[in-house]
Amino acid sequence: MSNPFFKNRGPFLIFDILNFLKINTSSVSTNVEIKDIKDLSSSNNSEITFFHSKKYKELAQKTKASFCITTESLKNELPTSCIPLIVDNVLLSVSKITSIFYPDSVKDDFDDSVNNINETNFKDKVFYGKNVLIGKNVSIGKNCKIGHNTIIEKNVIIGDNCSIGSNTIIRNSLISNNVKVLDNCVIGKHGFGFFPNKNNNLRYPHIGIVIIEENCEIGCGSTIDRGSMSNTVICKNTYLDNQIHIAHNVKIGENSIIAGQVGIAGSTIIGSNVKIGGQAGISGHIKVGNNVEIGGGSGVIKNIPDNTKVMGYPAKNIREFLRDNK
Amino acid sequence: MSNPFFKNRGPFLIFDILNFLKINTSSVSTNVEIKDIKDLSSSNNSEITFFHSKKYKELAQKTKASFCITTESLKNELPTSCIPLIVDNVLLSVSKITSIFYPDSVKDDFDDSVNNINETNFKDKVFYGKNVLIGKNVSIGKNCKIGHNTIIEKNVIIGDNCSIGSNTIIRNSLISNNVKVLDNCVIGKHGFGFFPNKNNNLRYPHIGIVIIEENCEIGCGSTIDRGSMSNTVICKNTYLDNQIHIAHNVKIGENSIIAGQVGIAGSTIIGSNVKIGGQAGISGHIKVGNNVEIGGGSGVIKNIPDNTKVMGYPAKNIREFLRDNK
Amino acid sequence: MSNPFFKNRGPFLIFDILNFLKINTSSVSTNVEIKDIKDLSSSNNSEITFFHSKKYKELAQKTKASFCITTESLKNELPTSCIPLIVDNVLLSVSKITSIFYPDSVKDDFDDSVNNINETNFKDKVFYGKNVLIGKNVSIGKNCKIGHNTIIEKNVIIGDNCSIGSNTIIRNSLISNNVKVLDNCVIGKHGFGFFPNKNNNLRYPHIGIVIIEENCEIGCGSTIDRGSMSNTVICKNTYLDNQIHIAHNVKIGENSIIAGQVGIAGSTIIGSNVKIGGQAGISGHIKVGNNVEIGGGSGVIKNIPDNTKVMGYPAKNIREFLRDNK
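Chains as they are written, first to last, in our numbering: chain A, 1 to 326; chain B, 1 to 326; chain C, 1 to 326.
Hints were generated in silico from the structure; no laboratory data involved.
Even for Gly, the Cβ is constructed at its ideal location relative to N, Cα and C.
Incorrect hints may have been included.
[Stated by the list, open to error] Calculated cross-link-like contacts (lysine to any residue; reagent style SDA-like; alpha-carbon spacing at most 20 Å):
| # | chain 1 | residue 1 | chain 2 | residue 2 |
| --- | --- | --- | --- | --- |
| 1 | B | Lys-125 | C | Lys-326 |
| 2 | A | Lys-309 | C | Leu-92 |
| 3 | C | Lys-145 | C | Glu-119 |
| 4 | B | Lys-96 | B | Glu-47 |
| 5 | A | Lys-198 | C | Asn-89 |
| 6 | C | Lys-145 | A | Val-106 |
| 7 | A | Lys-326 | B | Arg-323 |
| 8 | B | Lys-198 | A | Asn-177 |
| 9 | B | Lys-302 | A | Val-106 |
| 10 | A | Lys-136 | A | Asp-109 |
| 11 | B | Lys-75 | B | Lys-125 |
| 12 | A | Lys-123 | A | Gly-159 |
| 13 | A | Lys-316 | C | Ile-318 |
| 14 | B | Lys-275 | C | Asn-200 |
| 15 | B | Lys-55 | B | Asn-24 |
[Said to hold, decoys possible] Chain A side only, calculated, beta carbon under 10 Å to chain C, not exhaustive:
| # | residue |
| --- | --- |
| 16 | Phe-110 |
| 17 | Asp-112 |
| 18 | Ile-151 |
| 19 | Asn-167 |
| 20 | Val-186 |
| 21 | Asn-197 |
| 22 | Lys-198 |
| 23 | Arg-203 |
| 24 | Gly-263 |
| 25 | Gly-299 |
| 26 | Lys-316 |
With these hints in hand, go ahead and build the complete structure from the sequences.
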């Protein structure tokens, strides 16, 4: 993933990284520079990656990264070009190293860089309401509307012909043409990702962003969290109703319709042309195929193949659901 | 329905309407003026109506409309006084014609007609917080309170002794005496109604409003959408808890109690003295009787008769639910 | 409970209280002063308490209150030092007497005591955004951040190193050190508690507050209601995701993790180290033990013992749930 918003403070020397992880530097012969930390498939030479689950074995075997944070039991899957760095808790170590490269991605305090839109160059370009605030590193296309009390925090790109409602907050997001975001939304804050730790949980960094493609509509009171190591993406012409929650790293395909109060947990992938009824919930880390219909109130806890209709909690084939509940 | 807010741009000549729908004008002898588009029961002479489902056969047989958008298979139900206009997709055609009569009902961008209440006549009449905005065509009764950052957009009538919280947005709504609307609500935006269309869905117009009768209370973070061809109505002394979503065209009877995070889908009719437990969901287009109790977390997917208690997903008689889950 | 925020307008003479409740004063020999109204266990000499359910028999037997609002059938459980005041509806009578002692606890209109933070002493002490409003009787610790458009209404104490997001409203709350409250939350409004009454429900007073202990995080769009006769408490290092609703009098133990869109109904007690999956709902007045895991989408309708994993609606042991749904 190429990250457009969070500034990479690297490169860092590999010995410094090893010291930080409390790994003996003798395992590495030369103190090379490391430019970035990325996932297995997108990382390259002079970058560091991570490998924490057998599920990703095939990606691990092909990684081009020079170093990989992993465990004793997984290290043998890596190619010889990639030096394993053995740790006890891979994700915790990744979190720490990511925080060093991208310190701005951990904190999510309010953006104090904003100014009233009246005092910015957007004042002649955007059609806007009262008390609109605009942060640094914001770009807004032609013919856009931004409602009252809305805050476009730093790191936001908005395309042409977009309509943003009132009382909405957007940060770290890329919004394409013809998108409507209604009132009282929060888009682009960090996800609910942290390491539980007695008395003081440890937040992990969220260097992903939110991408909303063209012609989408996001209903009132919805929240869309940005990704941790990848992005949260709503593909084109997908409509979300009110009070929907989309967690970090979720991808939703194009031409999908998601009714009110639906929740989609982290890292789940939803296909195209999917219809999800009101109040349905989708577990994290699962895959819902294309052309799937999920009945209102369903709880989806496993993968759903293409072209199926499901309902229930746990969700099953809708014919089975209706038969069982006659 | 007499619509107090959206301006009717009619009359239009029937030949213009036919051309717009790509119907041959030879089916109509005289180029009469059409004053409005309404549903089967409320339409009159010189107005156009629509008939798209056998469910409405009895209403169709009695309609007083001069013209009716319908299908080949339904047209014979209409009285001879009503000329059928045959189309492929009734609702899509209705949407287009409604947009011509009521172009303002399609868009829901932020209301740029608002002014700070300090600069309006309400400044001596209403007890208000900081940064309160008031749109055009707003009326507010005696002894009302409006909290900070709240936006009363255009087309709102508020009765006496009402208390509106902070950060709330209201538009296209009629609010009776002694109503409380708490913080962070959005009331009166268009419903989640549109025609799915590859790459670019087509929104249909929402010419209905939200009506909240006297002594109601609406909890924090709730959303109540206005109706499409009819109104969304909350009858007197009904209380809604926090984070509730009421979709377009829903009617809720009086003296009802609706707990937190409940969702009611479009066009559903709820009776009087109904109690709905937290997080319950009610499907669209169904009817819940009077004196019904719906257990928390239930999913109601069919009509519920008067005086029954239901629970479960799908909701069934509560005794049955408890027996099945011993 | 010692209440730090709502002013006690007492003492009141017992004869005045009896007259108000329409009880014959002949049942009481001396017109003593009553200083406060409290629950069975915390009330003392010269105070009034209430006893409305056999469930509380043991507490009733030990109460130190001088008077107790109760029923004919329960009065014999009280010690001889406590004079019973017999009424038809205990809670309704308690509500009325509490309203006399604490009239400010019934109303929840917007706080008109607020000023822009620029005009307060906090301007040099707090790091704040645009349009921040601060009410009376507010205290804010060192190194705090408060986002744009946020309203800290009256009766709020905030500790050190706290970060409050934008568009958030807080009242009647005690927030400890290192707490993060994200955007668009409403914390400390009255709960959804009232006596249903044809045509005009009667709100009961909420003299409790919200207490959020150190190191907690509250996600975007969440609502936490203050208690009625006791407090709503989130213990230390507990994290709440987005769009969560916590009702009045709920207690949540420390080190707990609560995922998006969860709802917890009134007076429920949740233990420590509890994990609750997204969209789960917990009924009111139940007890969830320590180290419990509740699967996403579950509906918990009875007590859950320590160290158990449950899932389903109604929630049952997770092994049973998975077996039944193979």
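Where does the structure disagree with the numbered hints, that is, which hint numbers, in rising order?
Hints 1, 2, 5, 9, 11, 15 not satisfied by this model.
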